[in-house]
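Chain order of the listed sequences is A and B.
Reminder that position 164 of the first sequence reads as 1342 in the working numbering, one-by-one numbering, no gaps.
Reminder that position 153 of the second sequence reads as 168 in the working numbering, one-by-one numbering, no gaps.
To be clear, the hints were calculated from the coordinates, so they are not data collected in a lab.
You may find that some hints are simply not true.
Partner residues aside, some chain A positions facing chain B, computed with beta carbon under 10 Å [as the list claims (entries may be wrong)]: (1) 1245; (2) 1292; (3) 1302.
Incomplete in silico selection of chain B near chain A, CB under 7 Å [unchecked claim]: (4) 31; (5) 34; (6) 35; (7) 38; (8) 42; (9) 162; (10) 164; (11) 165; (12) 172; (13) 174; (14) 175.
Note that beta-carbon positions come from the ideal geometry of N, C-alpha and C, so glycine has one too.
Residue-level listing of the chains:
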Amino acid sequence: MKESVIEVWPRVAVIQLPGVNCEYETKAALERAELRGEIVRWNEPKERMEAFDAYVLPGGFSYEDRIRAGAVAAKVPGLDVVAQAAEDGKPVLGICNGAQVLVEAGLVPGGTPGKVEMALGSNRGWNGYYCGWVYVQVDKQGRETAFTSRFEDGEVFPVPLAHAQGRFTVRDPDRFREWADAGQIPLRYVTADGDADPGFPDNPNGSLLGAAGVTNPAGNVLAFMPHPERGGRLRQVPEWIQGNWGARRRSAARRRDLLDGPGPGMKLFHSLADYLRWGQREGRV
Amino acid sequence: MTFAVLRRWLKVPDPTALTAKDTLQRLLGFGDVLQDLERSEVFAFRWEDAMPARAILERLARDTNLLQNPNKHFFEIAVGSETLHPRGNVWVLTHEAGNGAEIGSVLARRKLVEGEPPQVACGVLWELTGPEDRGRRSRMAGEIAKTRERRVGLLANPHLEDVAIFDEAPAAMAMAEAFAWESAQTEGLR
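Chain B with its partners taken away, still in its complex shape (with noise of 0.2 Å):
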């Protein structure tokens, strides 16, 4: 099994970034912990067999349009237990099932990738810098992640969306594995 991801965010900055974070300061309270919020998108691919992930993930990123637009964009790529590097101190992987499935049958429609095709997911992590302690960052996580209520959470509504929560830098891996991998790839086909 080799899991790849591919986190691409704004060379500008995000507006979608910037509503969430005076949402969460100026509306719901957020205002003393909560410091900054930034935005990515990750795209997880998932081979059953061991593959050269990096060399696909640059040659697709370089090559074609799918997971990266340079004119927009910056990206990284980590594999395996390669460690990414988001901005900030925790951070929230907001994800639908099924997103990401299109891009999978594209690279298997179109050939781009040699041998079998990879399983793709995606979603968006959010970037948040709060408090020095990792206990109180990650309660603000907590709170901030899923809209419960009116007044309580933002970022994912739990009835379309499924959370991780990560209070360090994830692996590739770590964060592939929080995809629903199943349903996502049913999801995507209905």
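For reference, chain A alone in the conformation it holds in the complex (with noise of 0.2 Å):
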């Protein structure tokens, strides 16, 4: 890659919280779909945290999951500069650790920034930690947001996914029902074939109304539990999995051109990257 060509692409921080362990792989996911990934220890000085069009919070286990995964690192300082750029409109992704830290941090659901108003709790259905593959829906409700604009609505799409404390949850299951139908969960856990509301293991942790990514009202923070980093090339999705992602990892067995292309993640970070160059073109960023 030329440097003039990196020049332009839109910068994002991958934010390295202590004991995160996604941030490279994630880093490489966001160059695929020609963004500028840079990872950025937490703790670096607040000009040079600002100075980025977008912000991904990766997965891991940021301080070592200590009182509840997300709890700590909501509280760091370096969240403030995230904070803050989300509620200037810029792109927030955090995934599945980083998920739990936006949650904790209340930028989602976000309908008072900084108050928190969900909580991920233990998976049920597993006890425990729990790593496979799921399906996720996009569920757009007549909505866009900054990460789901290559997918269509109503698609369904295999993703892999990591954790021990996934499941959404809060008090009261009626404003759960309210942020779904604003379109605040526009990717949920469903059957290979779409089917909504499964059981264990299509919905893997028994998140209502099966949840699997949840945003903030303006659509451009994303708490999103699955890896799609880790399913960014075709080669990376299993040979079992149904529907089209399967179809199409088979009939690419040895056939590297078409193994190294991208895979169902992918169009979550294209999703971004399309986001950030239209907003380059209105001058948002």
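Could you fit the two chains together into a complex? Lean on the hints.
Encoded structure:
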């Protein structure tokens, strides 16, 4: 890649909180979407952290999940920059542990930014840490977010996940329904055929309404429990996966050119790239 | 009705307690009032009938690895009106409905207790050392207990966990009654 090309790519900070472990593959996925991913330590000076067009909180175990997953990371000063960026309309993506941080920081569902309005509880249906592939359906409710424009409404795609505390929950389930009706739950666990409201293992953690990803009202902040960066290349898709992605993977066997092509998770990063480029053209970014 | 509590804590410094203390003192503004913070895990037991609870729990603690690991934990048992001896001078119990129900079902399935097996609930007891003044330290515990906003509260997410605050060392019965027994057993079976 020529430096001059990289220079014009939107800059995305991958926040390296102590204990995260997915920052390099997240950066790689961003770069395949022609975004300039940079790994930025959580305690960098504010001025350096502010100089990005978007932010990703990657997966891992920030602060070793002490107290609760994401609870400590949500309090660190570096999150002030992310919270302000979210309020300013910059895209913020939390993947797995990053999603847990966004929930604990009150950035999603974000009705009152900074107020903690939901929780990510321990998995139900599987006792403890669960690792596997799941199917997620896009449910736009007539609304676009910074991370879903490349998906068709209703599209089902496979994606890996790995977590012990991924159950989106809230005291008042009616609130959750309101967020869903408002399009703030655009990514939901389904069966390979797209049947909603499945039990384990299709809904791997017992999330209310099968929520896999929750956004803020503006749609520029997404907390997504699965790992799209681990499904960024076709070769990462297991051959047994059902639907179009499985068929594509099987027909690409031993075809290195095809296997290195984009996997199902890349649509999320390409959507982010589109959002940022439109923003550049409109002067938002 | 018989209530009993087993409290266990690490023989080495508890890294989660240290992290919580550091977060509260350094990031959340409690440096002047929070002097120390320790942490225990508590298992509460409830029988419908009168039971020799202490003997049962001592045997379970000694002969099974369900309740404590002698390589890792110290523990104490309190029954009924007996008082526990946690460190600190104000205490926050955090617990999620359903936690502990699995231990209850193991006790029943493996027939580890004679007669009717107890209901079991568990949680974390945060042991705070705060100001001498009882009112001040209770307020401090109240502010620390629940994460309400990004910079307010820490120990429990109220959308997931329940909280009880004790401003004097709790008796086993008082602590056990702080658990949501009915929902705990239902949730745990889902």
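Determine which of the earlier numbered hints do not hold for this structure and return their numbers in increasing order. No hint contradicted; all consistent.
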